[in-house]
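Residues per chain are reported as follows:
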Amino acid sequence: MSNQTIVQIQNLEKNYGKKQVLHGINLEITSGQIIGYIGPNGAGKSTTVKILCGLINEYQGEISIFGKDLRTNTLEIKKQVGYIPENAVLYESLTPMEFMEFIGEMRGLENEITRSKAEALMNIFEMKANLNQRIATFSKGMRQKVMICSALLHNPDLIFMDEPLSGLDANSVIMVKEMLIHLAREGKTVFYSSHLMDVVEKISDRIILIDQGKVIADGSFDDLNKLSNDENLEKMFTRLTGNTNHGEKAEAFINAFEK
Amino acid sequence: MIKFLLSLFKPFRWFIEKMGADYNQFIMILQLKLTMDNRRTKGIGNNAKKETENALIKQSIGQMMFGVFFAMFCIIIKSPFTYYYFVHTFLMAMMAMMIISEFTTILFDTSENVIIQPLPIKGNTISLSRIAHVLLYLSLMSFNLSVVSIIVGGFKFGVLSALVFSFTIMLNVLFTLFLANMLYLVIMRLASGEKLKNILMYFQIVIAILFMLAYQLSANMIDKTHIRDMVLPVHWYTYLVPPAFFSGLVEAFTSFAFDSSHLIFIAEALIIPIIGIYFTGKYLTPVFNRKLMDLEQGDRVSIVKTETARKSLWYQMMLAIFVHRKGEQAPFKLIWTMTGRERLFMQSFLPSLGFIVIMIGVQFFRNNSFNLDELVHSSRYLLILYGFMFIGLSLPAALLNGNNEHATWIFKTVPLSSPADYFKGFVKAALARFFVPFYLVLSVGICSLWGYKVIPDVIIAFLAIYLITILFYYLQSPGFPFAQAKSASQGGVVFAKMMGLMFSAAALGFIHFLLLRWFSFASLLLIPFYLILIYYVNRIFVYKKITWERVDEVNMYS
Numbered sequence: 269m270s271n272q273t274i275v276q277i278q279n280l281e282k283n284y285g286k287k288q289v290l291h292g293i294n295l296e297i298t299s300g301q302i303i304g305y306i307g308p309n310g311a312g313k314s315t316t317v318k319i320l321c322g323l324i325n326e327y328q329g330e331i332s333i334f335g336k337d338l339r340t341n342t343l344e345i346k347k348q349v350g351y352i353p354e355n356a357v358l359y360e361s362l363t364p365m366e367f368m369e370f371i372g373e374m375r376g377l378e379n380e381i382t383r384s385k386a387e388a389l390m391n392i393f394e395m396k397a398n399l400n401q402r403i404a405t406f407s408k409g410m411r412q413k414v415m416i417c418s419a420l421l422h423n424p425d426l427i428f429m430d431e432p433l434s435g436l437d438a439n440s441v442i443m444v445k446e447m448l449i450h451l452a453r454e455g456k457t458v459f460y461s462s463h464l465m466d467v468v469e470k471i472s473d474r475i476i477l478i479d480q481g482k483v484i485a486d487g488s489f490d491d492l493n494k495l496s497n498d499e500n501l502e503k504m505f506t507r508l509t510g511n512t513n514h515g516e517k518a519e520a521f522i523n524a525f526e527k
Numbered sequence: 012m013i014k015f016l017l018s019l020f021k022p023f024r025w026f027i028e029k030m031g032a033d034y035n036q037f038i039m040i041l042q043l044k045l046t047m048d049n050r051r052t053k054g055i056g057n058n059a060k061k062e063t064e065n066a067l068i069k070q071s072i073g074q075m076m077f078g079v080f081f082a083m084f085c086i087i088i089k090s091p092f093t094y095y096y097f098v099h100t101f102l103m104a105m106m107a108m109m110i111i112s113e114f115t116t117i118l119f120d121t122s123e124n125v126i127i128q129p130l131p132i133k134g135n136t137i138s139l140s141r142i143a144h145v146l147l148y149l150s151l152m153s154f155n156l157s158v159v160s161i162i163v164g165g166f167k168f169g170v171l172s173a174l175v176f177s178f179t180i181m182l183n184v185l186f187t188l189f190l191a192n193m194l195y196l197v198i199m200r201l202a203s204g205e206k207l208k209n210i211l212m213y214f215q216i217v218i219a220i221l222f223m224l225a226y227q228l229s230a231n232m233i234d235k236t237h238i239r240d241m242v243l244p245v246h247w248y249t250y251l252v253p254p255a256f257f258s259g260l261v262e263a264f265t266s267f268a269f270d271s272s273h274l275i276f277i278a279e280a281l282i283i284p285i286i287g288i289y290f291t292g293k294y295l296t297p298v299f300n301r302k303l304m305d306l307e308q309g310d311r312v313s314i315v316k317t318e319t320a321r322k323s324l325w326y327q328m329m330l331a332i333f334v335h336r337k338g339e340q341a342p343f344k345l346i347w348t349m350t351g352r353e354r355l356f357m358q359s360f361l362p363s364l365g366f367i368v369i370m371i372g373v374q375f376f377r378n379n380s381f382n383l384d385e386l387v388h389s390s391r392y393l394l395i396l397y398g399f400m401f402i403g404l405s406l407p408a409a410l411l412n413g414n415n416e417h418a419t420w421i422f423k424t425v426p427l428s429s430p431a432d433y434f435k436g437f438v439k440a441a442l443a444r445f446f447v448p449f450y451l452v453l454s455v456g457i458c459s460l461w462g463y464k465v466i467p468d469v470i471i472a473f474l475a476i477y478l479i480t481i482l483f484y485y486l487q488s489p490g491f492p493f494a495q496a497k498s499a500s501q502g503g504v505v506f507a508k509m510m511g512l513m514f515s516a517a518a519l520g521f522i523h524f525l526l527l528r529w530f531s532f533a534s535l536l537l538i539p540f541y542l543i544l545i546y547y548v549n550r551i552f553v554y555k556k557i558t559w560e561r562v563d564e565v566n567m568y569s
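So the protein lines, in turn, are chains F and E.
Per our numbering, the first sequence starts with residue 269, numbered consecutively.
Per our numbering, the second sequence starts with residue 12, numbered consecutively.
Since the hints were derived computationally from the structure, they do not count as laboratory data.
Simulated restraints on C-beta separations: (1) F:Ile442 <-> E:Leu324: 44 to 52 Å; (2) E:Met47 <-> F:Phe525: 28 to 36 Å; (3) E:Lys555 <-> F:Lys336: 22 to 30 Å.
Residues from chain F that face chain E, not an exhaustive set, calculated with beta carbons under 7 Å: (4) Leu323; (5) Leu343; (6) Lys346; (7) Lys347; (8) Tyr351; (9) Pro353; (10) Val357; (11) Leu358; (12) Tyr359; (13) Ser361; (14) Glu366; (15) Phe370; (16) Glu373; (17) Met374; (18) Arg375.
This structure is a prediction, so every number in the text was calculated from the model and none was measured.
Glycine residues also receive a C-beta, built at the ideal position from the N, C-alpha and C atoms.
My request is simple: use the sequences and hints to build the entire structure.
Rendered as structure tokens:
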């Protein structure tokens, strides 16, 4: 079960106008894994995730998810995918319940099931009391929790998360991390994109590092570490993405003030 | 352009500093604001979004064109006092409209506070620059609008008159701004937080309706031949009417009449605006800004009452009548819930409702007399019924406006083969919630006046309006609801389409009327005809028209 190929990407390229963001990405992802998808700002992380979720339709290369071609079976695939976007906004004038009811119904869930699931999920985040309050009044973390709950409503097999921990308090961070591990144990695949190196290092079964639209490292942390002895992911990240002289740069920063 | 506008403040440096602001910082803030205004993105959707560097100039040209129409209207007036009185009244009205419609974006914009407030800038500088920004906006608009009127005035009454007139325009702007500030402060006194925002919304709507009413009334009352020789008599209360101050001042210099009555006008025109603006800058604006900040903070702490999803019988009925596909249900429900809560929607929709009320009123009081007998024997109910087209047609545009442009990703992540189902659900919900009830109430009223024989006509008109509204909605750019910032530039296209559809509405009403004339049951033929058309539009046309390709062009999913 754990060796089933879930996502297969071949030569994925993407241009925004003249600017090429993805330069031929090749990946194969098997089920039951947490994939840490990391890279510097502007490396193409979010673009990859958006393409895989079907938000961006135009790309070059072949992608198949659950063994189906993404271009021709977008709907089939979307049914089994959950997406937690970065910087996304919810309809503020709705309540979490109304928002999730909408999503549930559009995904073909029975209303009763949506409601009970929404309650259960929000209860885990200790937000059951907020179910019928307008999202406009929520803090960033609370919104993020609603977003996570609404992405998991339909029990997806493949979950894409773009910086899911942003704005969450320490308790919730621990909870989401645990949740991800549980989901992976159940055979679900989590595609996790983040800048928090320590979190990625801890929870990921496999780490994919991209830079300038190319995969530059791929493997479990231990595998990767054997090659280089970087002691932690943060150091590996900086070494591979070519910014090793942080010390000098920081000094230059200080000097800039003194002039 | 910006440099020129900024240089206008140079002579007033002493004044600005006297009000307690740092002049250099003041100019920097203004420059920033103007630069941003000048780059306001135009068009809709991420593809159409081009940065325009000259938004200000383009806008100015549009306003000048508008000013031409007004000058044409006033060109025949002989009396200088009356001429300038009309122009000043027009300007004040336009400024009031501007303040009301743009109020949220300019005066109520607190987004900059996050950036500007942490910087070491005095509160007075910030509030003054805010006022100056609005002032610049209003003066620019006023001069654009009246440039033709100034020229016309120059030809009619001499160059000096035109020069003095230009000067009074400035005074008028100052005065109107002062008045608007006072008004809004009073409102803010009365309420806070969410409640205040709601009050402001209704206030704006009432003002918009009042303007329409005034327009209707003046259009009915003013007789063109009369205008030429019209001389406004000066009563004691004329001294209390603001446009009279300014036109009095101009007239004094036009005909060199400096009698006591003119001197009073001159004194009023000079003293009131200057005291007003000093008062605004020194006392009102700081209070205003403090209130604004409360407003911002208040949002976070205000306790929200828990909402229980109400599924009324009415909702269930409408759902059963209008929605026949499963995919439309959830969008229907979404819009049903949201329309009642989105302020921008209410703002753009409710005035049209007010307009309809006025229209109906005008039907009853034609020729300044109320004659029920005559009314019942006419076919004027058709006019009222088809007048409702206005409500129907205001819905599609109202559904677009809102601040949720970053929430639309959700529609794309959900598996749905054709986005048309979304849009069908949206427009049906809006119609069911905001059109059907009013139409029903009115139909009952009409039936009780004209008798049961008009029931078929009520049904036919409904079908016609329904058809035109959904057609209009499907034809407009398929933006997801409440996700587009209101922009003036799209107004032109929408307006043209709207005119086309209004024309077709009138045509449909006229066909209806002719068929009724022909023989009394001929109009029944329209029912199957419309039903077939509606079926075609809802089942075939919309799926061809609204495709993911088109939807993706207009919306962004970030």
